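Chains as they are written, first to last, in this note's numbering: chain R, 1011 to 1293; chain U, 1011 to 1293.
In short, the hints are calculated from the structure, not lab data. Worth double-checking, as some hints may not be accurate.
Pairs count within a copy or across copies, as identical chains cannot be separated in the list.
Taking lysine-lysine and the DSBU-like style, the derived pairs with C-alpha atoms no more than 35 Å apart in a straight line are [unchecked claim]:
#, residue 1, residue 2
1, Lys1040, Lys1263
2, Lys1012, Lys1081
3, Lys1048, Lys1208
4, Lys1081, Lys1134
Keep in mind it's a predicted model, so treat the numbers as computed, not measured.
Protein chains: 2
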Amino acid sequence: MKTCLDCISCFFRQALEASRMVSDDENVHKDVLQEVAKEFSDICLDEPPPSISRRVHKIVRDLTGNPDPYKEVKRKYNQMALGLYPQLRESVLASDDPLLVSIRMAIAGNIIDFGVGNSFDVEKEIEEAFHKEFATLDYSEFCDFLEKAKEVLYLGDNAGEVVFDRLLVEVIESMGKRVVYAVRGAPIINDATMDDAKECGIHENATELISTGSDAPATVLELCSPDFIDRFKSAKMIISKGQGNFEALSNEKGPIFFLFKVKCPVVAEDINHKVGDMVLSRG
Amino acid sequence: MKTCLDCISCFFRQALEASRMVSDDENVHKDVLQEVAKEFSDICLDEPPPSISRRVHKIVRDLTGNPDPYKEVKRKYNQMALGLYPQLRESVLASDDPLLVSIRMAIAGNIIDFGVGNSFDVEKEIEEAFHKEFATLDYSEFCDFLEKAKEVLYLGDNAGEVVFDRLLVEVIESMGKRVVYAVRGAPIINDATMDDAKECGIHENATELISTGSDAPATVLELCSPDFIDRFKSAKMIISKGQGNFEALSNEKGPIFFLFKVKCPVVAEDINHKVGDMVLSRG
């Protein structure tokens, strides 16, 4: 998916929010926005939004001098999600269709996204995700692929959200499949890194934890490590979690299932859905 | 009021909305945003938002080749408001306190502001303005000033909205006062120009119609004509209508009453109010 002109104002908002998280100095905030403006004064929008977002947040890190502006909020949401985990796991395992219910919960966790805004009501989101109708639900195709696959590559998304992914990973593993869970190669927004994934305990459920090798806030293949690209290309089934991974991979061929909540009007228009819609879609 | 860093993303949104109103060519939209980005890559934010907005919309006009991108929507809202006028006038004149009710209606009209967004429900706004409590209401001071003044300088705001101002102007004139109604000197966003004011029929109620002599989307004094500045400085009572005029004049000394609806979080924070609040405030 190409970046849209509407994304530009959103990048400025993100840069300002991130700068304010780590510095009280308005001159620093201003320097960041001026540098972001320089970036946009001559820009090619053929790249997907996460590629541009990557450059914007590099400016934030460089000019605030903070290598991980979202570190504290990531920890906060990792811990918050872990607090909810036992009860959610119980609900999933006690349900008629643990696979589908864990998919619903994975989508609930997708709300924890500081790229879109900085306030969200996770408990309300869980409540809604249990019952809401999917806008797209390619579930039987998902089940067919899953039946045949021995291994699933699961592209993670945000910190905190990883705990919700654990529910789905556990259900898939209980079907005798291996799940390889991929995280970002370095801190970017509140995306899950290896540290976050471990704090969320996903290594207790997934067979393997790997890194994309990139600091983009999504799986932008051109920016990933050769090792990761090999894993991606050879995967028989890929679960691509989150809107950012959709933006980055929507034009990729392959056995991909996109699993996310629509959180911005640009993506909504791209897939002819509404903001708030729940999606499990065969790529 | 100084421009806030939060305003920057809003300026990009405005520039894009305005460009799309008059051109379907995405390359033109992109050129506009790149030029706006150049503007912000080295900017001083000591000016009030309308001064910066003026430069942003000049870029839109220059690069789209359209001297008045909002011309059609201004006409649409002028006509829409004129359609509502007879009924509103009847309600005002039949009320217990026509002065206060016409102030309420003037605030209802303040919603017609394409600087803030491009969709609003005017009829809902009218309904609300009849009953809603003011967040600030310096009404007795307003009445005191009005009693003593022979002439009131009324700083207009947007097209369409002028029709709502007519109600207040008529009530003030019926008290034996002269009202001088000031409009922008050239098209900018959907702000009312002389043509708009006349289309709205304000000349049937106000004693005199004058221009600020400036193409800023508010009364930024440094940019106004010497004639207008004289009128402003010698005025014994000024009604400053709209958020933009508040942003431009909030630091001015003088017999100013600000009359507006709070429509953005930056202004809301500046005056410690909430978005949606109704304000009649002695400057």
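Task: Numbers of unmet hints, in rising order - done: Violated hint: only 3; rest satisfied.
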